[in-house]
Amino acid sequence: MTRIEKRFAQLKAAGRKAFIPYITAGDPTLDLTRDLILALDGAGADVIELGVPFSDPIADGPVIQRATERALHNRVRLRDVLRVGAEIRRQSEIPLLLFSYYNPILHYGLEKLARDAVDSGFDGVLATDLTVEESADFIRIMRAAGLNTVFLAAPTSSPERIRKITAACTGFVYAVSRTGVTGERNELSATLRGFLQLLRRHTDSPIAVGFGISRPEHVKAVWEEADGAVVGSAIVREIEQNSGRADLVDRVAAFTKWLRGEA
Amino acid sequence: MKGHFGVYGGQYVPETLMHPLEELEAAYVDAQNDPDFHARLDYLLRNYSGRPTPLYHAARLTENWKAGKIYLKREDLNHTGAHKSNNCLGQGLLAQRMGKKRVIAETGAGQHGVATATVSALLGLECEIYMGEEDIRRQELNVFRMKLLGARVTPVASGSKTLKDAINESMRDWVTNVRTTYYMLGSVLGPHPYPLMVRDFQSVIGLEVRAQIVEKEGRLPDVLVACVGGGSNAMGLFHTFVPEAAIRMIGVEAGGRGPKLGDHAARFAGGEPGVLHGTFSYILQDEDGQVVPTHSVSAGLDYPAVGPEHATLHDSGRVEYTSINDDEALEAFNELSRLEGIIPALESAHAVAQTKKLRLGADQLVVINLSGRGDKDVNEVARLMGKL
Chain A
1 MTRIEKRFAQ
11 LKAAGRKAFI
21 PYITAGDPTL
31 DLTRDLILAL
41 DGAGADVIEL
51 GVPFSDPIAD
61 GPVIQRATER
71 ALHNRVRLRD
81 VLRVGAEIRR
91 QSEIPLLLFS
101 YYNPILHYGL
111 EKLARDAVDS
121 GFDGVLATDL
131 TVEESADFIR
141 IMRAAGLNTV
151 FLAAPTSSPE
161 RIRKITAACT
171 GFVYAVSRTG
181 VTGERNELSA
191 TLRGFLQLLR
201 RHTDSPIAVG
211 FGISRPEHVK
221 AVWEEADGAV
231 VGSAIVREIE
241 QNSGRADLVD
251 RVAAFTKWLR
261 GEA
Chain B
1 MKGHFGVYGG
11 QYVPETLMHP
21 LEELEAAYVD
31 AQNDPDFHAR
41 LDYLLRNYSG
51 RPTPLYHAAR
61 LTENWKAGKI
71 YLKREDLNHT
81 GAHKSNNCLG
91 QGLLAQRMGK
101 KRVIAETGAG
111 QHGVATATVS
121 ALLGLECEIY
131 MGEEDIRRQE
141 LNVFRMKLLG
151 ARVTPVASGS
161 KTLKDAINES
171 MRDWVTNVRT
181 TYYMLGSVLG
191 PHPYPLMVRD
201 FQSVIGLEVR
211 AQIVEKEGRL
221 PDVLVACVGG
231 GSNAMGLFHT
241 FVPEAAIRMI
251 GVEAGGRGPK
261 LGDHAARFAG
271 GEPGVLHGTF
281 SYILQDEDGQ
291 VVPTHSVSAG
301 LDYPAVGPEH
311 ATLHDSGRVE
321 YTSINDDEAL
331 EAFNELSRLE
341 GIIPALESAH
351 AVAQTKKLRL
361 GADQLVVINL
371 SGRGDKDVNE
381 VARLMGKL
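As you go down the protein sequences, you meet chains A and B in turn. Numbered by the numbering used here, the letters in the first sequence go through residues 1 to 263 in order. Numbered by the numbering used here, the letters in the second sequence go through residues 1 to 388 in order.
Heads up, a few of these hints could be off.
Claimed, not checked - Here are the simulated DSS-like cross-link-like pairs (lysine-lysine), alpha carbons at most 30 Å apart as the crow flies: (1) K2/B x K112/A; (2) K216/B x K2/B; (3) K147/B x K260/B; (4) K164/A x K12/A; (5) K220/A x K257/A; (6) K260/B x K101/B; (7) K147/B x K112/A; (8) K216/B x K147/B; (9) K161/B x K100/B; (10) K164/A x K100/B; (11) K164/A x K356/B; (12) K147/B x K161/B.
What the hints assert, rightly or not - Not close to chain B: a few residues of chain A, all C-beta gaps over 12 Å, as computed: (13) L38; (14) D56; (15) A59; (16) Q65; (17) R66; (18) R79; (19) N103; (20) P155; (21) S157; (22) R161; (23) I165; (24) S205; (25) E217; (26) L248.
Since the hints were made in silico from the structure, they are not lab data. Since the structure is predicted, the reported quantities are computational estimates derived from the model, not experimental observations. We put the beta carbon where it would ideally sit given N, CA and C, even for glycine.
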């Protein structure tokens, strides 16, 4: 059982829902990424999605694009992201999901990545632009190493695709709340409930909802319909706006508590 | 698995795009089986774009270069000045058939943007073109042309501000407006079915050459030469000849300023297999799998990935891939202008330059795909020659 699976089981037993922040590794620095993850853990995060910067982030909106450019400017590489995981593991058991575009993973080598990710304390891998059709090797190799494989399900996915996607997911299923790139929105999609019901008919795995979740009322609304809420751009923006401040980490922790409805 | 050329190709996209890709594939298969679709496309290719384009025996080039008997396939004489309209007319009719009211496209030099804007005007479709800020600066005239044709040109300021970033932004638009929008990809790139579909729409080039050369020479050619950016003009010429094992085929990449990573766009010389923009093919990347910037004097060849069918033709050895540097391309640009009175696109000048280097006998028939005309490049060449 991975830390991700354990955490979702514990939450379920307690009748609670997961809060899942995404941050881009190396924004603003790798040391601060480590400190931010520890602070997010302290502020009630249940799983961390740690983003690997990639030169061509086609699925991301402007906020995460800018974070990516800053991280690449700092020459952050996949091996550096793995090292952050190892540093976290000395101090925390927070579940870690490696979040990447496929090319950096493929170039690193699937076998080597699986081994190094486990050694660095990661619990699962998600590749944004890897479709289930192309993922046979990826799934086999990651699972053999003991890692969860998480895939995205979209509101445009057909029932046939939903069946394939949910079957390919372990740990949890990542439901994309709406069409489009990552980024904050004022309202949640009106069709989200029907989409989640369709997903629920195909899987017993936990379902986490992401894309556009940026306010406490969004988190609350998602928690009513699903098992977890993913917040990316809103937190990355908070990091961007407070970058350079001595109290960056505290501010992001406070922001996280606010999103969770605790502040 | 579908949409593969050997191990290359496939569909590597955010899940939201899988449904529209499936929809596109179904619509394309349906159109392929509909004689009315072919009749309409054929009508437009003939009467709107001016096909068939001539196969011209370049006698003075042949005489001066002693590099085989040289024929030029005059794709530069197509409406909008390049082979791009073959694909845009096909995809435009498909978009219309699918009931899409809005078309988006990326462009580098502006040729595909102009062809997309043209076809959108013809078919009454709303059109938005994404173009890197750097390319907008370099290709002012094409930007104005697209605007004249009623398209909106949206500058892309992210990344290297060139073609690859324009594709990133087009994919972001498509993923957001997926239900209403048709993405008119301009080359044999991207996720399935684009590499297959664009190749099919361009294969009219090779089919015409086959008939024309037989009519003129009574036999098939010995050598085919085409430049390769994404690779659509080359696939268009090569496709019908791939089974003819005796025909030598040469794809010419941009050698740029030299062999250092970042100074060229020769994917087969300096690249490795990887995933970019939805497909698995050769890409120029660093040791961490980050895509690297490219350079070429020709904006249309200045791109870090190559179409996946080329990757498999490369690995099998069926097609030879070489590169021509900026200086050689400029020299060929000048020579063709003076010897034949044809100003070629800088992209096509790479294929012309490669032909000069081939040691071919006088009896060997060589066909160069003259994929576009050089009007768009005149300012840039004048600047490079110090004449402006």
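**Q.** Hints the structure fails to honour
**A.** 2, 3, 6, 7, 8, 11, 14, 15, 16, 17, 18, 19, 20, 21, 22 and 23
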